[in-house]
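Undergrad: Sequence:
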Amino acid sequence: MKKFTAIICTLALLTAFTGCDNGETSVSASESESSVSTAEITSNDTSSSESTPDSSESLPESTESLPESSSDSVPEPKFTDEQLEIIAKYGILNFVAPDGETVQVTDAAEIFDTRDPHDEIGSPGFKFDSKSSTSTVLRYDFAYIRYCRPFFYEGEFLDAAEEQKMIDELPEIKWFKVKAGDKLDCGLTVKKAVFERFPIDTSDPVRDNYIEFDGEVTLEGMLWAVKRDDYLLKTNDLSFMPDPTKTNGIPACKRQLDPSGGLQSMMSSDGNYVLSDIGTNWIVGTIDDIDMDEIFGEKDLVRVKITLTNVKWGGIVSVDLPAFYAEIVDIERIDE
Numbered sequence: 012m013k014k015f016t017a018i019i020c021t022l023a024l025l026t027a028f029t030g031c032d033n034g035e036t037s038v039s040a041s042e043s044e045s046s047v048s049t050a051e052i053t054s055n056d057t058s059s060s061e062s063t064p065d066s067s068e069s070l071p072e073s074t075e076s077l078p079e080s081s082s083d084s085v086p087e088p089k090f091t092d093e094q095l096e097i098i099a100k101y102g103i104l105n106f107v108a109p110d111g112e113t114v115q116v117t118d119a120a121e122i123f124d125t126r127d128p129h130d131e132i133g134s135p136g137f138k139f140d141s142k143s144s145t146s147t148v149l150r151y152d153f154a155y156i157r158y159c160r161p162f163f164y165e166g167e168f169l170d171a172a173e174e175q176k177m178i179d180e181l182p183e184i185k186w187f188k189v190k191a192g193d194k195l196d197c198g199l200t201v202k203k204a205v206f207e208r209f210p211i212d213t214s215d216p217v218r219d220n221y222i223e224f225d226g227e228v229t230l231e232g233m234l235w236a237v238k239r240d241d242y243l244l245k246t247n248d249l250s251f252m253p254d255p256t257k258t259n260g261i262p263a264c265k266r267q268l269d270p271s272g273g274l275q276s277m278m279s280s281d282g283n284y285v286l287s288d289i290g291t292n293w294i295v296g297t298i299d300d301i302d303m304d305e306i307f308g309e310k311d312l313v314r315v316k317i318t319l320t321n322v323k324w325g326g327i328v329s330v331d332l333p334a335f336y337a338e339i340v341d342i343e344r345i346d347e
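Residue numbering for the sequence shown follows our numbering, beginning at 12 and increasing consecutively.
Don't read these hints as lab results, they were simulated from the structure. There may be inaccurate statements among the hints.
Within a straight-line C-alpha distance of at most 35 Å, the following computed DSBU-like cross-link-like pairs (lysine-lysine) qualify [stated by the list, open to error]: (1) K245 with K202; (2) K89 with K190; (3) K188 with K203; (4) K194 with K323; (5) K100 with K190; (6) K310 with K238; (7) K238 with K257; (8) K202 with K190; (9) K323 with K245.
Bear in mind the structure is a predicted one, so any value in this text is a computation, not a measurement.
Kindly produce the complete structure, drawing on both the sequences and the hints.
TA: Here is the structure:
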């Protein structure tokens with residue numbers, strides 16, 4: 012009973028919130044009350060809305076196979092009292108997601124603190140932070156992506172003004188939410204999706220946006236063998252740039268979910284410049300995974316048709332280096 016009282020008190024705190032001016036969606040007290048009750052985060056209401064069976068119904072002759080009565084049991088709450096107190100302490104009930112929809116804080120699958128040194132992703136060691144801290148994280152069982160817009164440029168190097176003009180002429184970016192089981196237009200199926208966000212507003216409130224895909228996808232695009240270490244790429248990595256004008260529904264993403272989306276570029280040693288609306292790099296293995304002579308020959312940037320599997324996106328693969336990662340199933344060079 013003490014636990015129920017604590018949770019009810021905490022929920023009372025939640026329903027009293029009137030919103031903040033820290034970038035999240037502000038809500039009135041009545042709205043807060045509605046959102047908290049709708050979330051049903053504790054599931055501690057012991058009253059039953061199910062109708063009582065008619066006493067005239069026949070009962071089984073034997074009760075040996077029936078489960079033990081659970082009338083006195085109480086469902087486990089979704090969040091602990093301490094987690095609920097963390098939510099109440101921040102005073103934020105919801106935020107606007109990249110797709111424009113409002114997400115409730117209490118719809119998170121987990122709340123954890125990133126300061127535990129024993130777990131690089133987080134742990135259930137919940138700690139109380141000041142409102143200026145960003146160590147508490149909300150984790151959801153969905154993520155956000157967009158499709159590559161049909162833009163691909165290959166030719167001479169573009170100056171900043173020319174490139175910006177091309178960007179301005181592209182259609183508006185539309186992010187959308189995906190969960191496990193969703194199928195993309197390119198044929199890939201979402202296997203796992205995780206979205207992590209700090210509950211308070213910061214310059215980059217998104218901590219991670221991680222997605223794993225099932226299936227294979229065949230794409231056309233440009234392949235480059237990395238010659239030296241770079242920010243995302245290491246020597247001998249194979250960096251692939253999909254051509255969205257050849258395949259519809261190619262996923263694109265950025266950890267920060269930048270509204271501009273971000274074009275990616277490559278340049279060969281002979282000055283061939285390539286630009287595509289893919290959001291970020293695709294790393295598809297290393298030079299040891301292919302026949303270098305057959306695929307590249309004398310060039311270092313070539314057009315290929317490539318079949319990929321085990322496609323992943325996100326920072327959990329490499330927390331500081333978010334990118335697409337995949338394995339090559341088949342590859343052939345395309346000479347134009």
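Undergrad: Next step is simple, just say for each hint if it's right about the structure.
TA: The hints, checked one at a time:
Between K245 and K202, the direct Cα distance comes to roughly 27 Å. Compliance with the 35 Å bound is thereby established for this hinted pair. Between the alpha carbons of K89 and K190 the distance comes to roughly 20 Å, so the proposed pair stays at or under 35 Å and holds. As the CA atoms of K188 and K203 are separated by approximately 12 Å, the hinted pair is consistent with the 35 Å bound. Taken as a hint, the K194 and K323 pair is honoured in the structure, with Cα atoms around 14 Å apart against an allowance of 35 Å.
For the hint pairing K100 with K190, the CA-to-CA distance comes to about 29 Å; that is within 35 Å, so the pair holds. The straight-line distance between the Cα atoms of K310 and K238 is roughly 12 Å, inside the 35 Å bound, and the hint therefore holds. A hinted pair counts as satisfied when its Cα atoms are at most 35 Å apart, and K238 with K257 qualifies at roughly 27 Å. Distance restraint check for K202 and K190: the Cα-Cα separation of roughly 8 Å lies within the 35 Å cut-off, and the hinted pair is therefore satisfied.
The suggested pairing of K323 with K245 holds, with an alpha-carbon distance near 18 Å, which does not exceed 35 Å.
Of the numbered hints given earlier, the model fails none.
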